[in-house]
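Top line first, the protein sequences correspond to chains A and B.
For the first sequence, this note's numbering begins at 167 and goes up steadily by one.
For the second sequence, this note's numbering begins at 167 and goes up steadily by one.
Quick caveat, the hints were computed from the structure, so don't treat them as lab data.
Even glycine gets a Cβ: it sits at the ideal position worked out from N, Cα and C.
One or more of the hints may lead you astray.
What the hints assert, rightly or not - Over the 12 angstroms line for every Cβ pair with chain B, so calculated as not near, a few chain A residues: (1) VAL272; (2) ASP298; (3) VAL328; (4) SER374; (5) THR378; (6) THR409; (7) GLN418; (8) ASN424; (9) ASP467; (10) ASP476.
Stated by the list, open to error - Think about it this way: if two alpha-carbon atoms lie no more than 25 angstroms apart in a straight line, the pair counts; the simulated DSS-like pairs of lysine-lysine are: (11) B:LYS488 x A:LYS229; (12) A:LYS521 x A:LYS488; (13) A:LYS478 x A:LYS490; (14) A:LYS229 x B:LYS238; (15) B:LYS243 x A:LYS303; (16) A:LYS318 x B:LYS318; (17) B:LYS478 x B:LYS517; (18) B:LYS376 x B:LYS243; (19) B:LYS391 x A:LYS207; (20) B:LYS207 x A:LYS391; (21) A:LYS238 x B:LYS517; (22) B:LYS391 x A:LYS303; (23) A:LYS376 x A:LYS339; (24) B:LYS229 x A:LYS243; (25) B:LYS243 x A:LYS229.
What the hints assert, rightly or not - A few chain B positions that, by computed beta-carbon distances, are all more than 12 angstroms from chain A: (26) LYS207; (27) GLN256; (28) ASP304; (29) GLN405; (30) ASN424; (31) ASN447; (32) VAL468; (33) LYS488; (34) ASP516.
There are 2 protein chains.
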Amino acid sequence: MNRFLTIVIIISSLYFQTSWCQVGLLTVDDFKPSSVNQLGKQYPQVNSEGRVRTSISAPQATKVQLDLGGVKYDLVKDGNGVWQGESDPQVEGFHYYQLNIDGASVPDPGTIYFYGAGRSGSGIEIPAVDQDFYALKDLPHGLVSENIYFSKLTNSFRRCFVYTPAGYTENLKNRYPVLYLQHGSFEDETGWASQGKANLILDNLIASKKATPMIIVMDNGYAYKANDTSLRPESVFEQVVITEIIPMIDAQFRTIPNRENRAIAGLSMGANQTMRIMMNNLNTFSYYGGFSGTANYPSADVIDVATFLDGKYKDGKEVNSKIKVFWLGLGTKEPTPFPGSVGAFKNMLDKQGIKYTFYESPGTAHEWLTWRRCLYQYAPLLFK
Amino acid sequence: MNRFLTIVIIISSLYFQTSWCQVGLLTVDDFKPSSVNQLGKQYPQVNSEGRVRTSISAPQATKVQLDLGGVKYDLVKDGNGVWQGESDPQVEGFHYYQLNIDGASVPDPGTIYFYGAGRSGSGIEIPAVDQDFYALKDLPHGLVSENIYFSKLTNSFRRCFVYTPAGYTENLKNRYPVLYLQHGSFEDETGWASQGKANLILDNLIASKKATPMIIVMDNGYAYKANDTSLRPESVFEQVVITEIIPMIDAQFRTIPNRENRAIAGLSMGANQTMRIMMNNLNTFSYYGGFSGTANYPSADVIDVATFLDGKYKDGKEVNSKIKVFWLGLGTKEPTPFPGSVGAFKNMLDKQGIKYTFYESPGTAHEWLTWRRCLYQYAPLLFK
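Please build the complete structure, drawing on both the sequences and the hints.
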């Protein structure tokens, strides 16, 4: 080993000594700006290991942390007052996070913002091995339309986003089937077309003729009875869907307004909600999708079909005759209680002889990459 | 003065002594959560004087400031580590702001976020005396649709938001005129339908039959020639509008594709840009709106019509015959150089005998309330 190299190694060792706990000697230095950064912002960055490097100027701060995936990583301040540091490798896909500056939990000013975890805040995209299926490509794109309406049941203004496929605005004689697609808890109607990339997934599927052109309606799963001021107000989401949203969509858009051309799906809380809505309204829908959730959540107990959802699964033959596609999906790394409750639900379906498709998303947890993959697998089965 | 009142005043004085610099003895204590807060967030708040009160937990911080309207207001920490404080009274309307935590400039986690001032960040709404014209009401609402497209001229994906009025999706035989409406510098295509409330302004105008139902296209005014990597890349926004956006909109939406049914308007930088586009393309548009801007910006000098915009204003009669409505608007509190440059432009129009409408927004500066009012005044004049 020559003298120059020895000196470099010693200096490097000294340099890293103060910070290696945060950075790690073995961090791969191929960081690139995250794909969901604000225009022109260089940080946060992601490397090929899935580590997140963030950076913020806070000259007078005494402690700055990156708060990601339930872990708070200390950042290190340089001579200019700029704090920087890296996380452990993250699983691929989309994650919410925030910065902690001397105890204040705030969005990272480097990213665009997403509604989830009960707040609008920062997100990071760890490039996934299969990211091509939700990539933005030069092919015909559908529209995502913000639709504001007044709901009498909740006595409030509500909003849904409506995806109409490429061609919808020009081919005025065509009518389309509709998928009603719901977000999870502490998320809202923006999730699916933002971090969920539902529009890009369908644009790609439709352009390659893998999915039937369809309308997708993404509404807000939180809907409470008007003037119910109790601590746990009564949810009227099912009534809002059946008596307000569907009639509005059928009047306003060129739908095919029958059960054969309506699907309903959701993720997590949305899977739970839409399963109940599906089973209570088999004359309204004929396709169901449950992504990372079932209506027995959070229980992993054996399901008593006599009482579960008012006995709606008692007659397996009837369910099979009514539901054209019964679809469940789950990430292989999902935490408790999801594998248990979905497993118990599947056992019930098996016992009842109810046909279903079960998809496992490899290596993903209770997160948006699981749900993007679920939509990608589920949508091609609809309206065929 | 009775003894009780004396004691109250003494106690009040002692109480306020530590904080009156920030709060002021005369602050009116009728603060309410801002209308653009995130769901369920109590702060920031606004009082009837237009003061902004913000609050954030930052137990280990040594200095937290509210950075609003070019002034940094020190907040005061309570025993629980929560910082709070108020701004001076702000003029009514919408303002961008941020928090400063020990030197870090970050969004306030209490608000929803808006793109402006070159970043996505916090905004505050000071209720305006005339807020009714942009209020969300129980009447038919149009859609705001996100439209993604690939631009060959810039070799990039671009996006516009398209407002289609109530009834557009149902009345399939109707065709509509189009207003192309542009944002200002350091803003983007989201501005007009978010902080600009263009959709609500038009919903209200159309419902009360004050404006002709129209489509509004809101695109991004930053468009640079493909592969131009120079420090000051060439803007090709005019070419993008004329050869990419308008043909796309006319193909995709039920427009009336002629000059009599096309208007173009913009605010600030967008006024400057759209004025050039208008004058270069009088066969494409017949209505112009310039909100807080003109193409001679920032100069207040007398305009030489022989050279200004290649002599496009030399023949006043020709301009009058081509432009059905030539509309200019400005806030009475706008800073230099806007009154000077708009004034010089008006003088040129007067000298050339060119007919125009000039509107002044009372008490507003170079801000969104000026532009909301401009749109409210301008839109009813179009396509009549």
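>> Just want to verify: A:THR409 was marked as not at the interface with chain B; is every Cβ pair farther apart than 12 angstroms?
In response: holds (17 angstroms)
> Just checking, A:ASP298 versus chain B, shortest CB gap more than 12 angstroms?
Replying inline: holds (16 angstroms)
>> So if I understand the rule, the pair passes when the alpha-carbon distance is 25 angstroms or less; does B:LYS478 with B:LYS517 pass?
In response: holds (14 angstroms)
> Taking 25 angstroms as the top limit, are the C-alpha atoms of B:LYS376 and B:LYS243 close enough?
Replying inline: Violated, at roughly 50 angstroms.
> Far enough from chain A: is every CB of that chain over 12 angstroms from the CB of B:ASP516?
Replying inline: Consistent with the label, B:ASP516 stays out of reach of chain A, its closest Cβ about 40 angstroms off (over 12 angstroms).
> Far enough from chain B: is every CB of that chain over 12 angstroms from the CB of A:THR378?
Replying inline: It holds; A:THR378 is separated from chain B by about 20 angstroms at its closest Cβ, greater than 12 angstroms.
>> Would the non-interface assignment of A:SER374 survive a Cβ cutoff of 12 angstroms against chain B?
In response: holds (17 angstroms)
>> Just want to verify: B:ASN447 was marked as not at the interface with chain A; is every Cβ pair farther apart than 12 angstroms?
In response: holds (25 angstroms)
> Would the pair B:LYS229 and A:LYS243 pass a check requiring their Cα atoms to be no farther apart than 25 angstroms?
Replying inline: holds (18 angstroms)
> Hey, B:LYS207 versus A:LYS391, does the alpha-carbon distance stay inside 25 angstroms?
Replying inline: Answer holds: B:LYS207 to A:LYS391 is near 21 angstroms, not above 25 angstroms.
> Holds or violated: are the alpha carbons of A:LYS478 and A:LYS490 at most 25 angstroms from each other?
Replying inline: Distance of about 16 angstroms is within 25 angstroms: holds.
> When you look at the beta carbon of A:ASP467, is every beta carbon of chain B farther off than 12 angstroms?
Replying inline: holds (33 angstroms)
Checked against the numbered hints given earlier, this structure breaks hints 1, 3, 7, 11, 15, 16, 18, 21, 26, 28; the rest are met.
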